[in-house]
Amino acid sequence: MSKYGNTILVALDGSERAMKTVEYLCDFKPFHKKDLVLLNIFSGVPDCYWDLGRESFSRSTMAQAMGWEHQRRTEMEEFMARAKSMLVSAGYPSKSVYVRIQNRKKGVTRDIIEEAEKGYFALLSRRRGAGALSYVVMGSTTSKLVQSLSSVPLMLAGIERVNNSICVAVDGSENSRRAVDFTAGVVEGSDCRIVLCSVLRNFNLFNGKSALEVTEDSNISSLSEIIDAALEDAAQKFKSVGIPVDKIDRKKIVGVSSRAAAISQAAQDAKCDTVVLGRRGQSNLAKFSMGRVPSKVIHIARTMTVWIIS
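For the sequence shown, the residue numbers in this note's numbering are 99 to 408.
It should be emphasised that the hints constitute simulated quantities derived from the structure, not laboratory data. Computed from a predicted structure; not experimentally measured. Warning: the hint list may mix true and false statements.
[What the hints assert, rightly or not] EDC-like, lysine to aspartate or glutamate: derived pairs with alpha carbons at most 20 angstroms apart:
| hint | residue 1 | residue 2 |
| --- | --- | --- |
| 1 | Lys182 | Glu286 |
| 2 | Lys132 | Asp367 |
| 3 | Lys335 | Asp289 |
| 4 | Lys193 | Glu121 |
| 5 | Lys349 | Asp367 |
[What the hints assert, rightly or not] Quick list of simulated restraints, FRET-style, between CB atoms:
| hint | residue 1 | residue 2 | range |
| --- | --- | --- | --- |
| 6 | Glu175 | Glu272 | 42 to 48 angstroms |
| 7 | Arg202 | Asn104 | 25 to 31 angstroms |
| 8 | Lys203 | Lys394 | 31 to 37 angstroms |
| 9 | Lys350 | Gln169 | 51 to 57 angstroms |
| 10 | Ile351 | Asp125 | 26 to 32 angstroms |
| 11 | Ser183 | Glu330 | 31 to 37 angstroms |
| 12 | Gln169 | Arg259 | 30 to 36 angstroms |
| 13 | Glu167 | Arg299 | 51 to 57 angstroms |
| 14 | His168 | Gly340 | 47 to 53 angstroms |
Positions of the beta carbon are idealized from the N, C-alpha and C atoms, including for glycine.
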């Protein structure tokens, strides 16, 4: 069993976007082997009421708030019942799908993180929830989850139709190897197609006025060899869990200025619905909760599902 257990925590807010998360779980067959906890952090009173301050709550205001809370809880219970019904119809055993509507304690994000850190296999959410603006890639809750949750794999469900094609970013780092191992464990014995993608940026320097061309030297060659070895190791890992050789593709991209853009484009060109990355790459700076590449991929590949593996 994975060190993350066998249960996926699914954060749902009752919105139509959240229902897309449920549809993703229905369509991605490898997850049907997992248990699911459908979690809603329920806020009894709308945020606009808290803006008034408790001392401003009149009887009529309280009555309105209580009425809203009752209606909202009823709607959330109906949403969860519908979600579970969809999952069971898709093939999940009824006993493997748990529903939890939990009153907010410390705040939505902090409550989700506190629950996720109890030993779940992964946390599944969306980039945006009910209240997010359409032009914003990530809502405030998801942004906080991305920055703060580093102990559990985080999955952000996209809107691309699931076709079981997964692009895994490989750079030879420890986090990259974890991403490969995690993904291999998920797709074991499935018919998923795997695209292993490594990117080497160009080594031209910029002095503020013009680009300075750098010829390939032994250091660059050595890095290329490391990438080749990492790609081979990753391919062998997926072969070992039953993925056929003809369903494992390798892409080595050299001479680009942005790794995130190159990975996102490679995933799109390969018609992948999911991109998997380690939370931090080769630089692995401890003071940053997440590397620049996964952070940028979340924004660039905004229609794809993205898994961030710690």
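How the hints compare with the structure:
Note on Lys182 and Glu286: the hinted pairing is violated, with a Cα-Cα distance of about 25 angstroms set against a maximum of 20 angstroms. In summary, the hint linking Lys132 to Asp367 is not supported, as the alpha carbons are separated by about 30 angstroms, beyond the 20 angstroms threshold. Under the criterion of a C-alpha separation no larger than 20 angstroms, the hint pairing Lys335 with Asp289 is consistent with the structure, at around 15 angstroms. Simply put, Lys193 and Glu121 have alpha-carbon atoms about 19 angstroms apart, close enough for the 20 angstroms limit, and the pair holds.
With a C-alpha separation of about 11 angstroms, the suggested pairing of Lys349 with Asp367 holds against the 20 angstroms cut-off. Under the hint 42 to 48 angstroms, the C-beta atoms of Glu175 and Glu272, about 43 angstroms apart, fit the expected range. Between Arg202 and Asn104, the C-beta spacing of about 27 angstroms keeps the proposed range 25 to 31 angstroms intact. The given range of 31 to 37 angstroms is respected by Lys203 and Lys394, whose C-beta atoms sit roughly 33 angstroms from each other.
The hinted window of 51 to 57 angstroms between Lys350 and Gln169 holds, with their beta carbons roughly 55 angstroms apart. In this structure, Ile351 and Asp125 meet the distance hint of 26 to 32 angstroms, their C-beta atoms being roughly 29 angstroms apart. Between Ser183 and Glu330 the beta carbons are some 45 angstroms apart, a value that contradicts the proposed interval 31 to 37 angstroms. The hint said 30 to 36 angstroms for the Cβ distance between Gln169 and Arg259, and at roughly 34 angstroms that hint holds.
About 52 angstroms separates the C-beta atoms of Glu167 and Arg299, a value consistent with the hinted range of 51 to 57 angstroms. Taken as a hint, the range 47 to 53 angstroms holds for the pair His168 and Gly340, whose Cβ atoms sit roughly 50 angstroms apart.
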